[in-house]
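Student: Below are the chains, spelled out letter by letter.
There are 2 protein chains.
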Amino acid sequence: MLKTSPLAPEHFPEVHQVAGLSLTALRSEERYKGRNDVLIALMAEGTRSAAVFTQSLAPGAPVIWSRKVYAQNKARAMIVTAGNANVCTGKKGLANTQVMAQATASLAGLTPEQVFVSSTGVIGEQLNIECILNSLPEQLNADNEQQDWFAAASAILTTDTYAKAASISLELAGETVVISGIAKGSGMIEPNMATMLSYIFTDATIETQALQHMLKSAVDKSFNCITVDSDTSTSDTCLLFATGQAGKLVSDIQSTEGRVFYAALEALMTDLAQQVVRDGEGAQKFITVKVSGADSDQSANIIAKSIANSPLVKTAIAGEDANWGRIVMAVGKAGQEINFEALRVSIGDVLIAEGDGPVEGYDESLVQAHIEGQEVNIDVDVGLGKAGFATIWTCDLTHGYIDINADYRS
Amino acid sequence: MLKTSPLAPEHFPEVHQVAGLSLTALRSEERYKGRNDVLIALMAEGTRSAAVFTQSLAPGAPVIWSRKVYAQNKARAMIVTAGNANVCTGKKGLANTQVMAQATASLAGLTPEQVFVSSTGVIGEQLNIECILNSLPEQLNADNEQQDWFAAASAILTTDTYAKAASISLELAGETVVISGIAKGSGMIEPNMATMLSYIFTDATIETQALQHMLKSAVDKSFNCITVDSDTSTSDTCLLFATGQAGKLVSDIQSTEGRVFYAALEALMTDLAQQVVRDGEGAQKFITVKVSGADSDQSANIIAKSIANSPLVKTAIAGEDANWGRIVMAVGKAGQEINFEALRVSIGDVLIAEGDGPVEGYDESLVQAHIEGQEVNIDVDVGLGKAGFATIWTCDLTHGYIDINADYRS
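Chains as they are written, first to last, in the working numbering: chain W, 1 to 410; chain F, 1001 to 1410.
Just so you know, these hints were derived from the structure itself, not from any lab. Using N, Cα and C, we set each Cβ at its ideal position, and we do this for glycine too. Fair warning: there could be bad hints in the mix.
30 Å max Cα-Cα, derived DSSO-like pairs, lysine-lysine [as the list claims (entries may be wrong)]: (1) 91/W with 1290/F; (2) 1091/F with 386/W; (3) 290/W with 1091/F; (4) 290/W with 221/W; (5) 290/W with 1092/F; (6) 91/W with 1386/F.
Computed Cβ-Cβ distance ranges for the label pairs, DEER-style [stated by the list, open to error]: (7) 1355/F with 337/W: 40 to 46 Å; (8) 1213/F with 341/W: 28 to 34 Å; (9) 1298/F with 169/W: 47 to 53 Å; (10) 339/W with 1385/F: 42 to 48 Å; (11) 337/W with 1213/F: 24 to 30 Å; (12) 73/W with 1385/F: 34 to 40 Å; (13) 391/W with 1359/F: 42 to 48 Å; (14) 1128/F with 361/W: 17 to 23 Å; (15) 1006/F with 208/W: 57 to 63 Å; (16) 74/W with 1372/F: 48 to 54 Å.
Residues of chain F placed beyond 12 Å of chain W at every Cβ, according to the derived structure [claimed, not checked]: (17) 1098; (18) 1129; (19) 1235; (20) 1259; (21) 1267; (22) 1270; (23) 1288; (24) 1293; (25) 1385; (26) 1386; (27) 1391; (28) 1407.
Use the sequences and the hints to build the structure in full.
Tutor: Below is the structure:
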């Protein structure tokens, strides 16, 4: 594994156990040697699931399979493999995915259509399916509720430099429920409806439609607000399972319980999404881009992503150069309506430009001090005086990104 | 100046003299020391001009001024300064542009509205206008027809590593006319209707509307088909001047003369555009991306740019890794209609993937040999069986790009 990102959390978080869930990490040696690379999750009967997948028009075999599993709405398990994405592998790739679903199902007395499959890693190579099958035990017991979260979060990593998890406990109508989730992702990160891979589990009892609605909303506010390199994965998958082992049934998302649960879910997913950015390939700085005063939230989002994806903005920040003109460039190229004469650009809460030029007496030393830190904040008001607003999280573009990606596959 | 790009032409080309044109390179020391950084062009009476500017919604003061000059349709001169783009400089920046136009006009007995102004370099800083004014001679004679093309092409450079020019001589209805042009550009290159800066001169006699039409069409086929880093300059300007000193009046673009002239113009501009890519910041490889079988040329263009702008594709090529899965990823994220099951991906004329998986017996060693060269060709057929086609030229993404841009301004 690569050197841990300087932006990594100090330690792996404490993760609440989720009733009705069993996690098993295994070692297949399919591609990576000497580490776990397979994760199996089994869930209790009555588990409801929600799912969001990549919008890529070249989705991988696991996504094609998992969409079918989702449509059947009776999932009780998932298998995740790391090292080979099983994308662009044609009929054989799809057959391999089915074999994995079948093998996982037979461990636990399920049918293949009850098993989500995810794979992450290199694109365009056939899986060594024997390795994966050989790594599986003879049977697994869903009831043992073993949950080594660090092992689980570690088993799904590829170019990530640390394991990512988040967990929340909350009171719902007087009963305690928990939400615990893991994610992976470091490069090929501009999720479009989901991120590379994230799996979230709760023991709460949430009606299926409400669960899906909450997942979709929270993805829009979390994973869809991050970008490392503007590249969208063919394997993006975000799954949310509610085992129904705790609390009363929540079916109305507008009820008090619905809103409380949703707020916790969105906070947890935002935490996971930010952990992905903090592990962005080569990242040295965590950047928050806020755009306000735009015509709509969508317009603000496009402008904020234009800034967050600009190689020139990202390299300037990597070089600790308060070259704010590149931010203006990125606003200008976004193709969205702005009032250039009322544009306001701030870095680290220091107003730099107002109207179409720098403010009188602008003191670059304050911005310089801010930009030398690990957390950089960019705020742009595009001057239309409207309510459109967006926040995007990203990282800088450094030599580390080139090192990792010029030499990833070989 | 940085180390010359390994993709640079072997030598500066021979450039035909254009009747009715005088070029003067000057040294202002406004930002760069010990090199020319100002270029003045004066043209004969009767010169017609065409212009295409950036579509950025945050254009620089020189672009705002030059749009007015173009609208008045009586330009006879231009001044270009390098080192400071005079963008995001508010009213003072616009006043400085006017001062430059005025000073240039007074050298040659013209009015300010006859003088195009271009500036290129850092964004967001006020020009030291005194330096520029002090560099100007007392007067300039348009009739001397002095044309040191290497000096002219060198005076407009910023992070470029070599001077860029191209020249063509052709027969038009039995008379010889010439077209000679220069360009600059290396980073912040995804032109949107024009490139950073390019100036093209001909002694042919082309009616104004035909001239503009030809420039616009040729820009779409040349500068609008290149990308270095997906960033669009606030200063993009492409000017075409026809001094009318040779040949008969061409006013019909569909006439034999119109078509011959246009073909030469497009070839010359494509040459200049490719020179910009070959000088892309940090470039080690020149990449041609062709997309066919798409729904429309526009759709093919979007897919080709998605490939050409993908940091993962560009770093894979930098690392000489035939990681074709990343090409499929970039096709998938483009959001354009494809037939995934009939997708064909080739590198260096070797078919790698057909349908949604690799071809039987694919021999990566052939692709490996190709990708280790300086010229890399990527061909994608998106499988719809339609005529939509596009070619985009780009370069790889290397440590050099990070070096240059993490440390450009300071």
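Student: Take the hints in turn and mark each one as holding or not.
Tutor: Do the hints match the structure? See the list:
A distance of roughly 27 Å separates the Cα atoms of residue 91/W and residue 1290/F; the hinted pair therefore holds under the 30 Å criterion. A threshold of 30 Å between alpha carbons decides the hint, and for residue 1091/F with residue 386/W the separation of about 25 Å falls inside it, so the pair holds. Pair hint residue 290/W plus residue 1091/F holds up; C-alpha atoms about 27 Å apart against a cutoff of 30 Å. At most 30 Å may separate the alpha-carbon atoms for a hinted pair to count; residue 290/W and residue 221/W meet this at roughly 13 Å.
The suggested pairing of residue 290/W with residue 1092/F holds, with an alpha-carbon distance near 28 Å, which does not exceed 30 Å. Between residue 91/W and residue 1386/F the alpha-carbon distance is near 25 Å, which keeps this suggested pair within the 30 Å criterion. Evaluation of the 40 to 46 Å hint for residue 1355/F and residue 337/W yields a pass: the beta carbon distance comes to about 43 Å. For residue 1213/F and residue 341/W, the Cβ-Cβ distance of about 33 Å falls inside the hinted range of 28 to 34 Å, so the restraint holds.
One distance hint, 47 to 53 Å for the beta-carbon pair residue 1298/F and residue 169/W, holds here, with the actual separation near 52 Å. Taking 42 to 48 Å as the suggested C-beta distance range, the pair residue 339/W and residue 1385/F conforms, at roughly 46 Å. Look at residue 337/W against residue 1213/F: about 29 Å separates their beta carbons, and that is inside 24 to 30 Å. Between residue 73/W and residue 1385/F the beta carbons are some 37 Å apart, a value that agrees with the proposed interval 34 to 40 Å.
At roughly 44 Å, the beta-carbon separation of residue 391/W and residue 1359/F lies within the given 42 to 48 Å, and the hint holds. The hinted window of 17 to 23 Å between residue 1128/F and residue 361/W holds, with their beta carbons roughly 19 Å apart. Taking the beta carbon of each, residue 1006/F and residue 208/W are about 58 Å apart, inside 57 to 63 Å as hinted. Between residue 74/W and residue 1372/F, the C-beta spacing of about 51 Å keeps the proposed range 48 to 54 Å intact.
Annotated as non-interface, residue 1098/F keeps its C-beta farther than 12 Å from every C-beta of chain W; the closest such distance is 15 Å. The non-interface label for residue 1129/F is consistent with chain W: the shortest C-beta to C-beta separation is roughly 15 Å, beyond 12 Å. Chain W draws residue 1235/F into its interface by the beta-carbon criterion, the shortest separation being 9 Å against a cut-off of 12 Å. With 12 Å as the threshold on Cβ separation, the claim that residue 1259/F sits away from chain W holds: the shortest Cβ distance comes to roughly 33 Å.
Distance to chain W confirms residue 1267/F as a non-interface residue, since its nearest Cβ pair spans about 28 Å, more than 12 Å. Taking the minimum C-beta to C-beta distance to chain W, about 23 Å, the non-interface status of residue 1270/F holds against the 12 Å cut. With a least CB separation of 20 Å from chain W, residue 1288/F remains clear of the 12 Å interface cut-off, as annotated. Taking the minimum C-beta to C-beta distance to chain W, about 14 Å, the non-interface status of residue 1293/F holds against the 12 Å cut.
Listed as outside the interface, residue 1385/F is consistent with that label: its C-beta sits roughly 16 Å from the nearest C-beta of chain W, beyond the 12 Å cut-off. With a least beta-carbon separation of about 16 Å from chain W, residue 1386/F lies farther than 12 Å from that chain, consistent with its non-interface assignment. Listed as outside the interface, residue 1391/F is consistent with that label: its C-beta sits roughly 21 Å from the nearest C-beta of chain W, beyond the 12 Å cut-off. Interface exclusion of residue 1407/F from chain W breaks down, the closest Cβ pair being 5 Å apart, not more than 12 Å.
Consistency note: the structure conflicts with the earlier hints numbered 19 and 28.
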